[in-house]
Every structure is written in structure tokens, then in C-alpha cells.
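The listed protein sequences correspond, in order, to chains A and B. Adding 1304 to a residue's 1-based position in the first sequence gives its number in the working numbering. Adding 1304 to a residue's 1-based position in the second sequence gives its number in the working numbering.
Read the hints as simulated data drawn from the structure, not as lab findings. It is possible that some hints are incorrect.
Calculated lysine to aspartate or glutamate pairs in the EDC-like style (CA-CA distance at most 20 Å, straight line) [claimed, not checked]: (1) Lys1503(B) / Glu1411(A); (2) Lys1419(B) / Asp1366(B); (3) Lys1503(B) / Glu1453(A); (4) Lys1549(A) / Glu1453(A); (5) Lys1503(A) / Asp1505(B); (6) Lys1343(A) / Glu1386(A); (7) Lys1503(B) / Glu1379(A); (8) Lys1463(A) / Glu1448(B); (9) Lys1503(A) / Glu1556(B); (10) Lys1393(A) / Glu1453(A); (11) Lys1511(A) / Glu1448(B); (12) Lys1503(A) / Asp1366(B); (13) Lys1503(B) / Glu1553(A); (14) Lys1529(B) / Asp1505(B); (15) Lys1590(A) / Glu1556(B); (16) Lys1549(A) / Glu1386(A).
Listed next, the stretches of chain B that the computed footprint assigns to chain A, with coverage defined by at least 3 CB atoms under 8 Å from CB atoms of chain A [stated by the list, open to error]: (17) 1496-1507; (18) 1582-1596.
Counterexamples of contact, computed for chain B against chain A with all Cβ distances above 12 Å [to be verified]: (19) Gln1309; (20) Ser1310; (21) Leu1328; (22) Ala1330; (23) Leu1356; (24) Ser1357; (25) Glu1379; (26) Asp1395; (27) Ala1414; (28) Ala1418; (29) Lys1419; (30) Gln1436; (31) Leu1452; (32) Val1465; (33) Gln1475; (34) Gln1482.
All values reported here derive from a predicted model rather than from experimental measurement. Backbone N, C-alpha and C define an ideal beta-carbon position, used for all residues, glycine too.
In case you want the letters, here they are:
There are 2 protein chains.
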Amino acid sequence: MNTHQSIAFLGMGLMGVPMARNLLKAGFTVACYNRTASKTAPVVESGGTACLSPKEAARNADVVISCVTNGPDVENVLFGDEGAIHGAKADTIFVDMSTIAPAVSVEIGARVKAKGFRFVEAPVTGGTVGAQNGTLSILAGGSEEDFLELQPVFAAMGKNVTRCGPWGAGQGVKLCNQIMGAMNILGVCEAFSLARGMKIDLALIEKALNGGAASSWALQNLARKIAAGDWSPGFMVDTQQKDMKLVLEAAEQVQAVLPGSALVTQLWRSAQANGDGSDGIHALDKVLQRLSNPK
Amino acid sequence: MNTHQSIAFLGMGLMGVPMARNLLKAGFTVACYNRTASKTAPVVESGGTACLSPKEAARNADVVISCVTNGPDVENVLFGDEGAIHGAKADTIFVDMSTIAPAVSVEIGARVKAKGFRFVEAPVTGGTVGAQNGTLSILAGGSEEDFLELQPVFAAMGKNVTRCGPWGAGQGVKLCNQIMGAMNILGVCEAFSLARGMKIDLALIEKALNGGAASSWALQNLARKIAAGDWSPGFMVDTQQKDMKLVLEAAEQVQAVLPGSALVTQLWRSAQANGDGSDGIHALDKVLQRLSNPK
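Start from the sequences and build out the full structure, keeping to the hints where you can.
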């Protein structure tokens, strides 16, 4: 089994920067690339090198990691004119850590394989805090062999690392995560809507109910923000909606009926329509407030 | 402040029996009553006495606890011809631990007060397991003074004891609990619906996602039952639906709009229509399976 030492990291966003820094901390060399070149600065300060194209970043890489916004972005950094696939050496393994459509991830895997390389998808959960602390959950899809070979790389960035199945399965489990997170926060906001109507002190609901059958990450982390009227995002409505679109498309492809997911997507659309797209996902509460009697 | 020693316990159901036994264990005397008299046997075996009417049970009680199915049942055991109110001594405090409509609880409180007694509502969460282990969450509504006086009684039955506000507020917070529990299990079932369609191993979803933003009591406790096709109830669909009716009625009274709660109630109605009313609430999964492509 190879020990991977040299990593190309494509995409220096809110997630990519701390993930790349954790790789450096773990002893990997990191060559990074970002469309807006200035965003590579924090990684360069931490000991990485900045490259002008994905192709250049990939030149000596054992592992090429992409962590970008959507499917077309992944295709562009891998297969575009200056794409990483054109610079990679034999035996390079491509790891896409973006959240994209499962079907698109399968297609990308097949294109990477057709060029003679290996591919593993590995979307993550845990947000920017998890990325900074190296405590991401990593949801891998790909062959067992490739997954095992990537263990040291994943261990530098995450804590709970799971092989979910072949290509597509990791993205699928990521969408399961988004579905549950969505319904959990809707539950908190509907509870608050009733409580507000009944003049119940919102601040005591978390204390009274946490630990019981109503418990959720949303109750433990977002209820107090709603009670305080703090709409700052841990995770933005606009980003959640990008993921809900992937959820509903994937569900359509396999003919799975998701009435709650469809509903909460419409409610978040109302948040977006009211200019709250860059608030946190708990801005659902504002949607319900607008729908309900303000008395 | 009195120390309450003598308790009348009205309603020997799945919750009442273990709650009464925990009171005995804590040193209280317990006189119990149940419509079907045979159900008092386990409490009598544990040292309680059985009475033929609520009135008789209340005769020497410092505290009269009711824990029955619905509002009319509470009214009957308190105010009926043989109701506890007719047997109670001065200074008795009435505690209703049933889950009933907040508005009905307020009415009952007023009727108890009109008869010269005190009233505290105290619905619980935590199910039969919590009742047995004395780890219920108790959601009280009533005066601060009465609440404080009842601390030893509550401590014998529960762990997280909260005064939620005046009459109605405890029942309101209980309904908040039911709303969140409902949306959390819907999220798990929709995630499983997508995963099943995508041929993802259902058993790994809990392991991969627990601890993250998708976490909930439902994911931690019910996902494995769904994956195993085990529909045995922790909490029955029929009982949940009784509570969802209270949720939607209370919401209507305060003009709170709860689209997710309305939706999940309809889905559980489908479970009931298909003969699954006595399954656990996670039988929502079967509803989604029937709606979705079984491939």
C-alpha cells in the first residue's frame, strides 16, 4: 500500500482552506488551487504552495482532492482545458469532497476511470467548525481498496469516516443527512411557532425537552439562536436549498416520495423570496412567523 | 411548607403503574384507583392500597395525581359523581399528569380552584421506560409556589422537572415535544426512503451520520428498528395521533401555522388506514414505502 504524501487541493472555500491546513498539519505537502487566487493565501502561510491551474497543482500529487460548489465546478477543475486530469501522474487517486448529485458523481467517476485513474467521492458533514477541528464526518463512495488506501488522508480531516458503498452512495448518504437536518429544524420552528402563539417562554423549551424524544442537533444548537432572534448562519438557507434541489432530483430518479422534504424546500423558498437566503437555515422560523398570527 | 406523604393516584395505565411504584419506593403512601380495578394489582403488590372510587382514594390524600387518557377522563375522575374532588380534604393539591388540550387543562384548573383546591398540570415525556426508571421529564404548569411544594413528589418520578409557566404552558411544551418528535421521525423515514431507492445499506446511515447535524433521538433509537423491519411500538401511531390532534387544535386556537405537523398527521392517518395504528410511530416508513416505487 502506498503512503500518500503529496496532495493537490482544488477549491479554497470556507471548507477547503481549513481542510488543507489540517493536511499540512498532519505532514502532507499541499499544492492548492483556487479560481480566485487570493484565497490560497492562508494555506500558503501554513506551508502550502499555490498553483495557477488545477493541472499544475496535480503534477506531483499522489492524491487530487476537489472541494468545490457543484457538479459543473468539479468537471471543470478535473476535465477542463487546465484540468487536473491533464497533469496527473500514473496511480494518482482523485477524491471529490464536494456535495454534488449522486448521478453526476457516478459519471465523473467513470470519466476519471476512463482516463486510467482511480476515483473516490467523499462528501463531508460537520460544517466549517468540523473542517477547522478535523472532526468532519466523511461519507465515502468508491471501492473498498481505494477507500482503505485513503485512510491517512481522511484521518487528517475527519473523525467518523464511513464507506457508504460504490460511487453515488456517499453522495446519497450526504443527502440523507440534509433531509434529516431539514426536518429536524422544521420541527423546532413549528414547536416555536406554537409556543410563541401560546405565550410560552421560548428559552425554556430546550432546557425542558433536551435529552428526550424531541432531542436533535437542531434543538441543541439552533433553538437558542431562534429564541435570541440571531439569524446568523452556521449553514445558509441558499446552500441548504442547493442541497435540497439535489435531494429532490435524486428522489425523482429513484421514484422515492418525500413530502416533508418537498414542503420544507418550499418554506425555505419563501425565506429566499423575502431576502433571507443568506441567513441560517433556522430562518424557517421567520417564515412561520410571517404565516402565523403575530399576536 | 408541607411535606406531602399521602398520595392518591388515579389511572393505572402503562405510565401510572410504574409512576405510582416509584412514589412508594420514595416513601409515599399511595392509594390508587383504576376504572378496570384489576390493573391496580401491581401497585398493591408494591405496598399501595386499591380504592373503589377516585373519591375514596382522595380521602386522606395530600396530593391527588391523575394520569389518564384524555380531557373527559380527567374531568370524570375529578368531578364525576364519585370524583376525587368530593373526597379531598382541605389543602389537597391536584396534579394532572395526563396529556390533554392546554385549554381544557386551564378549564380544569379553574374548576378545581373554584372548589377551593390548588391545581398543577404536569404532563410528562420519556415513555414507559422513563416512568419505570424514574427519569421522566416533567413539564409543569401552575403557580411557582405550588410547583415548589411538589418538588419531592416530582423528584420521585422524574429527572428533568421544569415549570413552563401558568396552567396550559406545561401542556403547551408537551405539544412542542410531540411536534419535534414527529418531524424528527419523518426526517429519518424520508432519508430511508431515498436510501432504499438508491440501494444504500440502511444499517450504515445511523453510524455514518449520528453525532452530526442530522442527529436526533429518532435517528439514535428508531433507525435501527426500521432497518430491521421491527415495527413494535415504543410509542404507538394511535397515541401519537391523539397528541397530533391536540397540537393542531391548539395551533388553530392561537392561529399558528404548522404545515409540517399537518402533513405528518396525514401520513400517520394513512398508517392507521392501512391497519398499522398500533405499530410504533416509525411505521411512517411503511407509509412512504407504499407511496414510493418498490423497486
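Going through the hints against the structure:
1. Lys1503(B) / Glu1411(A): holds, 17 Å
2. Lys1419(B) / Asp1366(B): It holds: about 16 Å lies between the C-alpha atoms, which stays within 20 Å.
3. Lys1503(B) / Glu1453(A): At roughly 25 Å apart (the allowed maximum being 20 Å), glutamate 1453(A) and lysine 1503(B) break the hint.
4. Lys1549(A) / Glu1453(A): violated, 32 Å
5. Lys1503(A) / Asp1505(B): violated, 44 Å
6. Lys1343(A) / Glu1386(A): holds, 19 Å
7. Lys1503(B) / Glu1379(A): With Cα atoms ~25 Å apart, lysine 1503(B) and glutamate 1379(A) exceed 20 Å; violated.
8. Lys1463(A) / Glu1448(B): violated, 46 Å
9. Lys1503(A) / Glu1556(B): holds, 14 Å
10. Lys1393(A) / Glu1453(A): Between lysine 1393(A) and glutamate 1453(A) the Cα gap is close to 17 Å, so the pair holds against 20 Å.
11. Lys1511(A) / Glu1448(B): holds, 17 Å
12. Lys1503(A) / Asp1366(B): It is violated: about 31 Å lies between the C-alpha atoms, which goes past 20 Å.
13. Lys1503(B) / Glu1553(A): The given pair, whose Cα atoms are some 16 Å apart, holds under the 20 Å limit.
14. Lys1529(B) / Asp1505(B): holds, 14 Å
15. Lys1590(A) / Glu1556(B): holds, 19 Å
16. Lys1549(A) / Glu1386(A): violated, 29 Å
17. 1496-1507: holds (count 10)
18. 1582-1596: holds (count 3)
19. Gln1309: Check passes; 28 Å lies beyond 12 Å.
20. Ser1310: Given a closest Cβ separation of 29 Å, the condition holds.
21. Leu1328: holds, 25 Å
22. Ala1330: Check passes; 22 Å lies beyond 12 Å.
23. Leu1356: holds, 36 Å
24. Ser1357: holds, 34 Å
25. Glu1379: holds, 22 Å
26. Asp1395: Check passes; 28 Å lies beyond 12 Å.
27. Ala1414: Holds, since 17 Å exceeds 12 Å.
28. Ala1418: holds, 23 Å
29. Lys1419: holds, 26 Å
30. Gln1436: With a cut-off of 12 Å, glutamine 1436(B) remains clear of chain A, as the shortest Cβ separation is near 15 Å.
31. Leu1452: Given a closest Cβ separation of 16 Å, the condition holds.
32. Val1465: Contrary to the label, valine 1465(B) does not stay out of reach of chain A, its closest Cβ about 9 Å off (not over 12 Å).
33. Gln1475: About 9 Å separates glutamine 1475(B) from the closest Cβ of chain A, which leaves it inside 12 Å; violated.
34. Gln1482: Violated: least Cβ distance 8 Å, not greater than 12 Å.
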